[in-house]
Amino acid sequence: EDQVTQSPEALRLQEGESSSLNCSYTVSGLRGLFWYRQDPGKGPEFLFTLYSAGEEKEKERLKATLTKKESFLHITAPKPEDSATYLCAVQARSARQLTFGSGTQLTVLP
Amino acid sequence: EAGVTQFPSHSVIEKGQTVTLRCDPISGHDNLYWYRRVMGKEIKFLLHFVKESKQDESGMPNNRFLAERTGGTYSTLKVQPAELEDSGVYFCASSQTETSGPHLAGELFFGEGSRLTVL
Numbered sequence: 001e002d003q004v005t006q007s008p009e010a011l012r013l014q015e016g017e018s019s020s021l022n023c024s025y026t027v028s029g030l031r032g033l034f035w036y037r038q039d040p041g042k043g044p045e046f047l048f049t050l051y052s053a054g055e056e057k058e059k060e061r062l063k064a065t066l067t068k069k070e071s072f073l074h075i076t077a078p079k080p081e082d083s084a085t086y087l088c089a090v091q092a093r094s095a096r097q098l099t100f101g102s103g104t105q106l107t108v109l110p
Numbered sequence: 001e002a003g004v005t006q007f008p009s010h011s012v013i014e015k016g017q018t019v020t021l022r023c024d025p026i027s028g029h030d031n032l033y034w035y036r037r038v039m040g041k042e043i044k045f046l047l048h049f050v051k052e053s054k055q056d057e058s059g060m061p062n063n064r065f066l067a068e069r070t071g072g073t074y075s076t077l078k079v080q081p082a083e084l085e086d087s088g089v090y091f092c093a094s095s096q097t098e099t100s101g102p103h104l105a106g107e108l109f110f111g112e113g114s115r116l117t118v119l
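Line by line, the protein sequences give chains B and R. Going by my numbering, the first sequence opens with residue 1, and the numbers climb by one from there. Going by my numbering, the second sequence opens with residue 1, and the numbers climb by one from there.
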């Protein structure tokens with residue numbers, strides 16, 4: 001069974017204090033690993049797709065990386081507007097669905 | 001461009017009653033998914049439509065749940081009769097169909113969700 005574990009569950013940062021969120025996964029053949037951002041009362045918003053180990057994607061202050069067992073979402077010099085829950089999900093090659101982690105709730109204090 | 005819209009945003013019903021949730025995907029999106037998050041748990045897959053056809057309904061918890069997608073446009077998810085454990089947020093998501101390669105299930109546009117409370 002595919003599994004996704006995210007850590008930490010919650011993270012509080014001062015504005016400008018860089019950090020990383022972790023997503024560990026086990027999947028029977030990875031089709032893709034996906035990062036989403038979710039704001040309170042909203043649906044998840046797609047951020048990145050990673051397909052293979054060694055791949056990196058960047059968007060503004062966010063950079064996602066992938067190894068064979070985990071993915072990191074690096075946040076550089078975060079701002080209060082980066083506060084949200086960040087979700088990681090995987091799709092197995094044989095599947096047409098996503099398996100989600102429970103998310104990391106990020107709070108960036110001004 | 002309008003996003004994925006879901007209705008109602010919140011529904012409160014008694015155990016044993018029926019509720020129907022509706023999802024309007026982004027125009028032109030053939031793929032439509034239903035996911036849900038129950039209290040304290042991860043978002044979990046329910047089912048996947050391509051146009052009007054169910055491709056995968058392996059996540060549907062039991063036969064109290066019925067999903068339809070009329071004419072390949074909007075979709076409904078009916079819960080009948082509702083039980084306490086059905087409470088949660090039901091998300092709909094849509095995506096375009098790939099022109100080549102295997103199906104990529106992850107680059108989805110989600111709606112804001114329908115919160116269901118069963119008392």
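These are calculated hints, taken from the structure and not from any lab test. A hint or two may mislead.
[Unchecked claim] In silico lysine to aspartate or glutamate, DMTMM-like type, Cα no more than 25 Å apart, as pairs:
(1) R/54 to B/39
(2) B/42 to R/30
(3) R/41 to B/58
(4) B/42 to R/24
(5) R/44 to B/1
(6) B/59 to B/82
(7) B/69 to B/58
(8) B/68 to R/24
(9) B/69 to R/107
(10) R/51 to R/24
(11) R/51 to R/83
(12) B/79 to B/2
(13) B/69 to R/30
(14) B/59 to B/39
(15) B/69 to B/81
(16) B/63 to R/107
Hint check results:
1. Our distance criterion of 25 Å between C-alpha atoms is broken by residue 54 of chain R and residue 39 of chain B, whose separation comes to about 30 Å.
2. Our distance criterion of 25 Å between C-alpha atoms is met by residue 42 of chain B and residue 30 of chain R, whose separation comes to about 22 Å.
3. Proximity of residue 41 of chain R to residue 58 of chain B is assessed by CA-CA distance (about 29 Å); at most 25 Å being required, the pair is judged violated.
4. Taken as a hint, the residue 42 of chain B and residue 24 of chain R pair is honoured in the structure, with Cα atoms around 16 Å apart against an allowance of 25 Å.
5. This hinted pair checks out: residue 44 of chain R and residue 1 of chain B have alpha carbons roughly 13 Å apart, not beyond 25 Å.
6. The straight-line distance between the Cα atoms of residue 59 of chain B and residue 82 of chain B is roughly 12 Å, inside the 25 Å bound, and the hint therefore holds.
7. For the proposed pair residue 69 of chain B and residue 58 of chain B, the alpha carbon gap of about 20 Å is at most 25 Å, so the pair holds.
8. For a cut-off of 25 Å, the pair hint linking residue 68 of chain B to residue 24 of chain R is broken: about 37 Å separates their Cα positions.
9. The straight-line distance between the Cα atoms of residue 69 of chain B and residue 107 of chain R is roughly 21 Å, inside the 25 Å bound, and the hint therefore holds.
10. With a C-alpha separation of about 12 Å, the suggested pairing of residue 51 of chain R with residue 24 of chain R holds against the 25 Å cut-off.
11. Restraint check: the Cα-Cα separation between residue 51 of chain R and residue 83 of chain R comes to about 29 Å, which exceeds 25 Å; the hinted pair is violated.
12. Distance restraint check for residue 79 of chain B and residue 2 of chain B: the Cα-Cα separation of roughly 33 Å exceeds the 25 Å cut-off, and the hinted pair is therefore not satisfied.
13. Pair hint residue 69 of chain B plus residue 30 of chain R does not hold up; C-alpha atoms about 32 Å apart against a cutoff of 25 Å.
14. Taking the CA atoms of residue 59 of chain B and residue 39 of chain B, the gap is near 17 Å; set against the 25 Å cutoff, the hint holds.
15. A C-alpha spacing of about 30 Å is found between residue 69 of chain B and residue 81 of chain B, which places the hinted pair above 25 Å, so the restraint is violated.
16. Annotation: proposed proximity of residue 63 of chain B to residue 107 of chain R holds, straight-line Cα distance about 17 Å (limit 25 Å).
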